[in-house]
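Asker: Each chain is listed here by its residues.
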Amino acid sequence: MAMNGKFTRRALLAAAPALLLAAIVAAPVSAADKTLKIGVLGVMSGPAASWGLVNKYSAEATAQMYNDKGGVKIGNDTYKIEIVSIDDKNDPKLAVSGAERLTKQEGIKYIIGPNVDTTAASIVPVIEAAGAMNFPYAFSKELYTKPHGNSILGMVASYQAGPLIYKYMKDNKGVKSIAFVARNESDALNQRDEGVKAAKELGLQVVSSTDTYEPGTTDFFPVLSKIVKGKPDLLVLSGVAPADAPLLIKSARELGFKGQISTETAQDAKVLREVAGDKADGFVSVGGASTPAIRSAYMEEFAKRYAKVAGEWNDEAGTKVYALEIILATLQKNPKAVNDVAEYKKTVDGGFGVPNAFLKDKATLKYVGTKYFGQPRQIGVPVVVNAYSKGEFQTVFVGTVAD
Amino acid sequence: MNQMLVNGIVLGTIYALIALGLTLIFSIMRVVNFAHGQMYMLGGFIVYYGTVVYGLNYFVALLLAIVLVAAIGALFEIFLFRRVLRIAKREENSMLLAVGTALLLENLALVAFGEKQRGVPPVVEGVFEIGDAYLPASRLLVMGMAALMIVGLLLFVQYTRPGRALRAIAQDKEVTYLQGVNINRMSVLGFALGAALAGAAGGLLVTVFAVNAGMGTAVSVKAFLMVMIGGAGVTAGAILGAFALGFAEAIGYEIFPGSLTYLIIFVAIIVFLAIRPQGIMGRTS
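In the order they appear, the protein sequences are chains A and B. Letter by letter, the first sequence follows residues 958 to 1360 in the numbering used here. Letter by letter, the second sequence follows residues 0 to 284 in the numbering used here.
Next up, chain B with everything else stripped away, as it sits in the complex (with noise of 0.2 Å):
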């Protein structure tokens, strides 16, 4: 029972990091983007060879993959995305693009760094015993270190100037317009915000799970998942489906046979979704 307890909360604090970034991303430009797992897997590889390969400490190469995947974010949104938006006329074609840059990095990912899965030793070493229940450090560490992220984007997004206009972009973009906010400018500041977070959650979490080139269309579809669950472009809605995700995988591996977990899960996701379309926070239109 407490160990169940440890996996949600651990699984939910560092799934709600991944999806934050896409639900960031939704909301400012209505853009799924597809390849936020390939971002994240970026940041882990970026992490590797900061430390492993060349010796840097580990959070200095944490904030250099949280950089280059930011800045990645922006060339995406200003090179790619930016005019696919003001010239197609179908939402399908910003979804395709989405696609092919997340086959695109992938691919990257696999001539530039190979088919090997990388790993970085944990920063902090040992595991704390909680009644019947385990928790590796490196998890602890990896979860207070989500959390404050997440606090601090929350923050930003409410207390700031910018995160206030990137709020109202996703609330009304042409009346945000007219009160004279650079929309181009936020729209490069929240790609960047959102691939950032997939950075940093790679980055986290390679010194737990590891990386490789081809476990970005995983990451994805979870965010994806987790989106839905919680209202598409509503951040706190991204929480609350990360956690709902992270408990509902702890509960049910514990409870039921592994194969039969994740094949109730997407029954309990379908049969919700047919009664709330919206999610849990979305609204209706």
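The following block holds chain A by itself, in its conformation from the complex (with noise of 0.2 Å):
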């Protein structure tokens, strides 16, 4: 046995460097041997975990759909995504350490995320200096306009659905004064000051618009019941978080408020359903490629895959599913990309495009924003208006953002 033993020990040894050329040449240099790293970095925990985690769960499940099918090719190779997320709990301390675990540790150039402006705005140096790009849901326009040019905003911003949903108001429901209700929060408050200008530039009499209430409120009754009483056709719910809407509509109706209520934050149904039921009737927000009626087949997919992820569907997911989409799209484009945001940026300002494929009628996914930040740093996202009703969203138009 001993001698057995020796003899197959030293035959192995022996054997081991021809059995390892033998397994390099004979394995294809294939899908599973590439592995393409995307990082999520943003808010997982605390009130407005929705918003990053939706961002994470969207991301999974997409990288899910392509490794179920082998990978993503770009260029020769075909790649495995991996997703790596981070929950910056909305502290710029945190996302600043995220940022550089996710660039440094990790090695990844591309990262979807942060959600707020001020989490955004801290990595914003980090992200310059590791050579990557990150594709935020914060609108500070700081952060879209030269000298910076890594980051893409990924989504449509509240002073481009403002305007339109306030228009949508004024020519439809014969809105003629308006009030508005933030967050206590740079974000938030600077989407209401971005929809007072829009406001008063549509000739909207501005009734209210220094009210606020501090992150984690949940008796809106005292913040409400002064606006409640200027009467106004149309009450804005600025930078409101998921979890703060129904409560804030459930308790204006409460108070005896019969006019319009919209914010320019994406919302999910079930939500509004439980929480403020028949109230939430006529709330308009803007949504992404969430409803039935203009979704197509592969965003139904999408949406399966996500209930499987997360547990269940969310329509707030409507709104993030394009970020990594059109990351992959770039980098089929240009394959250099891949390890060089310069290669990236120089599609991204070569008028880059690819079909919509979440839509059901034919649009065009494609950077937009240099009329906003003077270069094109923000993901064309159609500006999708729903209206809430009886359980669900309705689509009520769904407009584009200025090149």
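Bear in mind the hints are in silico, worked out from the structure with no lab data behind them. Yeah, the Cβ is synthetic: ideal placement off N, Cα and C, and Gly gets one too. Take the hints with a grain of salt, since some may be wrong.
[Claimed, not checked] One side only, chain B facing chain A, incomplete, derived with CB under 7 Å:
hint, residue
1, Asn-1
2, Gln-2
3, Glu-114
4, Lys-115
5, Gln-116
6, Gly-130
7, Glu-248
8, Tyr-252
9, Glu-253
10, Phe-255
11, Ser-258
Dock chain one against chain two, each of which comes alone in its own frame, and use the hints as you go.
Answerer: Next comes the structure, spelled out in structure tokens:
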């Protein structure tokens, strides 16, 4: 036995290099050998957790769909997609350490997120120094304006959707006066200020624009009592988190408010149904490719996969489905960009676009934003405006963001 | 004016139920239970799953929430706090443990219940108009039930044997022990009762304010504020602190721009605590 054992070990040792060489020669350089890591950085805990988690689940769902088909082909290589997620808790310090980990330790070049202005602004130096790019869901124009160029806005900004919604309300619902209530955070306050500006430009009478509530508020009666007394035709919930919107709507209705209510952020129909019920009927918000009336078969497939990943569908994902898809499409267009964001920017600046796979109707998914930022640093997500009715969203109209 | 008054009374009553549990645990164990808000959150989720997902009667689900959260509180006391309080030389250890349990519950809830806000249909519908003020029937019901629970707790600690034992421990643990009171058993009861109050508040308020996995910290912070205003460990102080905060919010939001309300509240609390660090009804030592 001992002799046999020695012989076996010796034989194996001798054969090892040959076996290794044979394995290397025999194995094709194929799909499974390369991995494309994509980062997701955002708030994934606390009251605003859904903002970052929906980003994470959307990226994971898209990655699974590609990986199930063998990966994504970029140039001559096929990559498995790996999503690396970090919770920044909406804290700039954690966002910076998260961005450093993603770019330096993980070597990631493309990061989806963060979700708010403060965290998005805090990681700009890290992203630029590391030669990476990120796709924030924060609306501050400075992030996307020169001298910065490594951040691309992932969705429709409030100052793009707001004027369209107010105009629709003015033209179709007879809205003449407007009031704003905002979460007391820089993002929401900026959104409110942009909203006030847009409303004034449309000739609407601004009844109230200084009322805010603290993050974590659950009882909105005291906040809304004063606003409702002003009897505005339209109440705008600026920068409202999905957890706050139904409570604000419910409180406003219970205080006797009869006017219209809208927001420029994405919401979820199930949350509205459970928390606000019929009181949310008529509530207008920004959606994505979420309503059945406008979604393509590919979007249906995504929604099913998303539900599998997250446990249930969330309408917010309709606005966050686009980021990874356009990153991959851009890399496919210019494979050098996999490791070089200068190449990525070259493709973006060259007017790259692909058919929008998530909508039934023909549309192009491209980089826009030159009108707002002086350079194309925004994903041209369609401006889908939804109205809530009887437990679900109905698409009111679909607009586009100016190039 | 009427609406401000209604808002203040409703907020004060609801806040009192939340603050009482925190002050009860503090009075018996000298532990600031930072997981109080998370226990409130668990109460809300248990009622949500009981009624919306499993179709239980609301009141059965509420009872279940109270019992289950009380059991979690008791387990925390037996397996975590008792040992740490026995062997730790510094107060910070129990505080860190409390923070740890809060984070544990919050993250478990996020994994188990997801990121979405969950709501339970109101048990009663309709809105009462009192002069120019509005009071939804659901809030009135919650306020009434919260008031009943508060009265029930006060009667329990005032007139029952275990209640008197809890008060005695709050006053002097060693003397109470020498009187033959089983301190360990009473500590479990106190922690469970404090947790049950948080669970009851969460279970009641889920019909009005809904629930999400991340809401615990904000609830704990408010409860902590109320207890500090009223005086840590004093039952009547917690109720007073709750109404002080409730009315401060109601009046503040009516008079000042929203962003100033909590700024003013915090400044007022800082000034107040600088003058009277033990709170309205707290003892100096």
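Asker: Each hint: holds or not?
Answerer: Now the hints, each set against the structure:
Nearest Cβ of chain A to the Cβ of Asn-1(B): about 10 Å, over the 7 Å cut. The hint is violated. Residue-level restraint check for Gln-2(B) holds (minimum Cβ-Cβ distance to chain A is 5 Å; threshold 7 Å). Of the supplied interface hints, the one on Glu-114(B) holds, with its beta-carbon coming within about 4 Å of a beta-carbon of chain A, less than 7 Å. Among the interface hints, the one on Lys-115(B) holds; its C-beta lies about 6 Å from the nearest C-beta in chain A, closer than the 7 Å criterion.
For Gln-116(B), the interface hint holds, the least distance from its beta-carbon to any beta-carbon of chain A being 4 Å, beneath 7 Å. Taken as an interface hint, Gly-130(B) does not check out: its beta carbon lies about 13 Å from the nearest beta carbon of chain A, beyond 7 Å. Among the interface hints, the one on Glu-248(B) holds; its C-beta lies about 5 Å from the nearest C-beta in chain A, closer than the 7 Å criterion. A distance limit of 7 Å between C-beta atoms decides the matter here; for Tyr-252(B) the minimum to chain A is near 4 Å, and the interface restraint holds.
The interface hint given for Glu-253(B) holds, since its Cβ lies 6 Å from the closest Cβ of chain A, which is under the 7 Å cut-off. Interface restraint check for Phe-255(B): the shortest CB-CB distance to chain A comes to about 9 Å, outside 7 Å, so the restraint is violated. Annotation: interface hint on Ser-258(B) holds; nearest CB of chain A at approximately 5 Å, less than 7 Å.
In this structure, the hints that do not hold are numbers 1, 6, 10, in rising order.
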